[in-house]
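Q: So the protein lines, in turn, are chains A and B. Going by this note's numbering, the first sequence opens with residue -18, and the numbers climb by one from there. Going by this note's numbering, the second sequence opens with residue -18, and the numbers climb by one from there.
Treat the hints with caution; some may be incorrect.
Copies of the same chain look alike in the list, so a pair counts if it fits in one copy or across any two.
Quick list of in silico lysine-lysine cross-link-like pairs, PhoX-like style, CA-CA up to 25 Å [said to hold, decoys possible]:
#, residue 1, residue 2
1, 34, 146
2, 127, 199
3, 51, 428
4, 428, 393
5, 36, 124
6, 354, 34
7, 36, 127
8, 71, 251
9, 251, -15
No lab work stands behind these hints, which were simulated from the structure alone. Note that the structure is a prediction, hence the values are computed from the model and not measured.
Protein chains: 2
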Amino acid sequence: MGRKIVVIGSGAAGMTAASAARETDNEAQVTLFTEEEHIAYSPCAIPFVLEGKIKDFPSIVMHDPDFYKKNRNILVRTETPVTSIDGDSKTLSLFDGEIVKYDSLILATGGKVFVPPIEGTNLPGVFPVRTISDGISIKEAMKDAKCAVVAGAGVIGLEMAIALKRAGLDVTVIEMFSQVIPRICDQDIAEMVKVYCESLGIRFILGTPIGSLCGENKISHVMAGDEKILCDMVIMATGVRANLDLPNSLGLDISPLGAVRVSATLQPYKRGRLVPSIYLAGDVISCESAAVPGPTMSQLGSTAVRQGRVAGINAAGGYATFPPVLSPWISQIGDMQIAGTGISSGLAAYYGLDVVSGHASGSTRARYYPGGKSLMVKLIADRETHRIIGAQMAGGEDLNGRINWISAAILKDVTAEEFVTSFENAYCPPTSMVKDVVNIAAEDLVKRWKN
Amino acid sequence: MGRKIVVIGSGAAGMTAASAARETDNEAQVTLFTEEEHIAYSPCAIPFVLEGKIKDFPSIVMHDPDFYKKNRNILVRTETPVTSIDGDSKTLSLFDGEIVKYDSLILATGGKVFVPPIEGTNLPGVFPVRTISDGISIKEAMKDAKCAVVAGAGVIGLEMAIALKRAGLDVTVIEMFSQVIPRICDQDIAEMVKVYCESLGIRFILGTPIGSLCGENKISHVMAGDEKILCDMVIMATGVRANLDLPNSLGLDISPLGAVRVSATLQPYKRGRLVPSIYLAGDVISCESAAVPGPTMSQLGSTAVRQGRVAGINAAGGYATFPPVLSPWISQIGDMQIAGTGISSGLAAYYGLDVVSGHASGSTRARYYPGGKSLMVKLIADRETHRIIGAQMAGGEDLNGRINWISAAILKDVTAEEFVTSFENAYCPPTSMVKDVVNIAAEDLVKRWKN
Chain A
-18 MGRKIVVIGS GAAGMTAASA ARETDNEAQV TLFTEEEHIA YSPCAIPFVL
32 EGKIKDFPSI VMHDPDFYKK NRNILVRTET PVTSIDGDSK TLSLFDGEIV
82 KYDSLILATG GKVFVPPIEG TNLPGVFPVR TISDGISIKE AMKDAKCAVV
132 AGAGVIGLEM AIALKRAGLD VTVIEMFSQV IPRICDQDIA EMVKVYCESL
182 GIRFILGTPI GSLCGENKIS HVMAGDEKIL CDMVIMATGV RANLDLPNSL
232 GLDISPLGAV RVSATLQPYK RGRLVPSIYL AGDVISCESA AVPGPTMSQL
282 GSTAVRQGRV AGINAAGGYA TFPPVLSPWI SQIGDMQIAG TGISSGLAAY
332 YGLDVVSGHA SGSTRARYYP GGKSLMVKLI ADRETHRIIG AQMAGGEDLN
382 GRINWISAAI LKDVTAEEFV TSFENAYCPP TSMVKDVVNI AAEDLVKRWK
432 N
Chain B
-18 MGRKIVVIGS GAAGMTAASA ARETDNEAQV TLFTEEEHIA YSPCAIPFVL
32 EGKIKDFPSI VMHDPDFYKK NRNILVRTET PVTSIDGDSK TLSLFDGEIV
82 KYDSLILATG GKVFVPPIEG TNLPGVFPVR TISDGISIKE AMKDAKCAVV
132 AGAGVIGLEM AIALKRAGLD VTVIEMFSQV IPRICDQDIA EMVKVYCESL
182 GIRFILGTPI GSLCGENKIS HVMAGDEKIL CDMVIMATGV RANLDLPNSL
232 GLDISPLGAV RVSATLQPYK RGRLVPSIYL AGDVISCESA AVPGPTMSQL
282 GSTAVRQGRV AGINAAGGYA TFPPVLSPWI SQIGDMQIAG TGISSGLAAY
332 YGLDVVSGHA SGSTRARYYP GGKSLMVKLI ADRETHRIIG AQMAGGEDLN
382 GRINWISAAI LKDVTAEEFV TSFENAYCPP TSMVKDVVNI AAEDLVKRWK
432 N
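So that you can see chain A by itself, here it is in the shape it has in the complex:
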């Protein structure tokens, strides 16, 4: 009998961890428990199904439990909540009382939508956007709804606002901060996104926390400050917090950001001492930032996959470490792409960093090549060291590779001057300008120290 590896959670982190464990130890028994019905899908895809860009929910599910059984010899038990874990006896209890033994345990229990402590959040017609089940409920509700409120103007809130607007609903987005995408995006780039959304007819109430959710048997209106907004449905896109139920039951140390603190091998601590045989991955943990010293919440599917790999390898007796992250992110808001990496100016100020920023706008193709789309790039550098520590961009196409490119520069401690001198751009008229907009933004950045 091989090593017993148990994974809890069927998101990107859990599924990847199970596969990595199998790849590392061909003899192990790998079992995955999840309370969800559907596994192996990207929650990031849900708004795009609702927008009608992706055909339906079944198409976003990559594999079913049968696939994992047959192709990877991984037993996936869906709709099977784990209720408690006993770290001393290395056992866990399922909802039905069954006791399961493990040699290595991977906790990938993810996050849950943060619901602000206000009235009415349990009313019918109020939805989180986290699982396919949520998505199916929202799709059903959209059929009869005429107006919707989105609580929270982060990336998921905006994607949902677009989906609802394109389905013909009146949409109002309510955000506590005075700009959209407040946590990771600067005011100037955020304003471009807001103006674009407004051009589609989406209404924003910024700088105003959502008040109460009201209605008799179903949501009928929302209060934002003194304003009453009638609505048939509310989307709670108010952020995600680590799901700490099981970690807390184990007494694991929690980082200042409210997620499980882990070592580079993704092992937890208990009163400062490393806990053996347990590994964590995904939204349940905080990790180290590669842009500034200290912990950060990544909360990205791409990060979950990379952490799942490390947790899976280590749980199976291999060795891998998870390095500090920049958490590059991207979103498609209607016809606009927005992306960012490292830290925003706002976050830099929070950390007491004095920054300078360079901007450029241009086209994704040579100016005379038809079909090029406009692109705005902002680079943020530390004023003292000139090191690039963040970037954001907004435009019509091809942002993904560009934001990864800048992430590579940040990761390798590149200064504004080194970017200008050494970072080359591949060029042909159909695919970029001879100097890419990113290069021009770097040139603008360097000038900021001269003036």
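With chain A's structure known, arrange chain B on it following the hints.
A: Relative to the frame of chain A, chain B by itself:
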């Protein structure tokens, strides 16, 4: 009276050098001489005008001499060949006998098409693809032509083959090497490109040097080995060599690659000693490779711009250096994009490097997101050090940022393992897979040492 800065050449290197000189020294007299009629355009755009993607030739010209006079106080003298330079008296002679004095001279005389020493290259109907004038002549010839031969299956040869094919001509491409894009692309990626071109009806004769060009008063056929190919026109896409007429007249040292050898400040040498007051940029020089030690020919518009900036700053009394290059390149061949960076496996073998390579194919979007295009990525690493030293890719969209991303990794000496561990990908379903194809290729690469 300010410093007299003279630039020779109106390509990307020359125009950028003139502008950078002006920006560095506001008091200088900046004069640019060119034998061309048109200035400030990208020769890379010519095939796309002929393909009908770009409206016409005037639209690829960014600025005219009047713009430079009025906006940058730069005097541009077109159709004014410089016939000789006297480095001792710091003067140059124009074609009409006029003598011009300079304090600093920037040579950006570019390259010329290498015409193989075969019969018939002067026949009417045989065209290089270097200037707008060439482009206009080709466009005129295409009106009556039914079949064309393209000599050389490099990037420009293939772009021209597509343009001619889409205009309805029968097209045969003749290439001395046994694959397309032989200098910078590996056989496997090159084969994908060839198969795509063949699917459009383009015919290839590989492994066969072009023989003689034949005809009475005009080209009528080409010999390739024993085969006679009837044609109404021939495109000479047989490569570019540095234009050494003026450098040779000055006795400047030539690098083993047949271009002017320069310092990091882009100054030339004469019998091993640095020559003051002269700077060079663009296709006329060789530079250092950042992938392997030694000289390399970059021959890219994007490189010319970056060198022009350095030459212009230095010629105007500033200080800048030009670092080693990876020369990332990209092309749009019909509906296929191909790109590369660093060195190919073939070139690595030439340098005596033992390499391993990793491959991955996937989509430019989540697999279930409509409109995604297939993408093949190849990463090449040094077997001994595991350092990534090259990459190539072929696919339908969004290659530009991806190849710049890998270039950043190569530039910063990143190993295959570090790429897997630390290089993050921004993800959302409309713009990439949760693991980008580049990340998957890196994972494949790492496995090559295990097997």
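Q: Each hint should be assessed against the structure and marked as holding or not.
A: Taking the hints in turn, this is what the structure says about them:
no.	hint	result
1	34 to 146	within (13 Å within a copy, 35 Å between copies)
2	127 to 199	within (14 Å within a copy, 72 Å between copies)
3	51 to 428	between (59 Å within a copy, 24 Å between copies)
4	428 to 393	both (22 Å within a copy, 24 Å between copies)
5	36 to 124	within (16 Å within a copy, 46 Å between copies)
6	354 to 34	both (20 Å within a copy, 16 Å between copies)
7	36 to 127	within (22 Å within a copy, 46 Å between copies)
8	71 to 251	within (16 Å within a copy, 76 Å between copies)
9	251 to -15	within (23 Å within a copy, 72 Å between copies)
The structure shown violates none of the earlier numbered hints.
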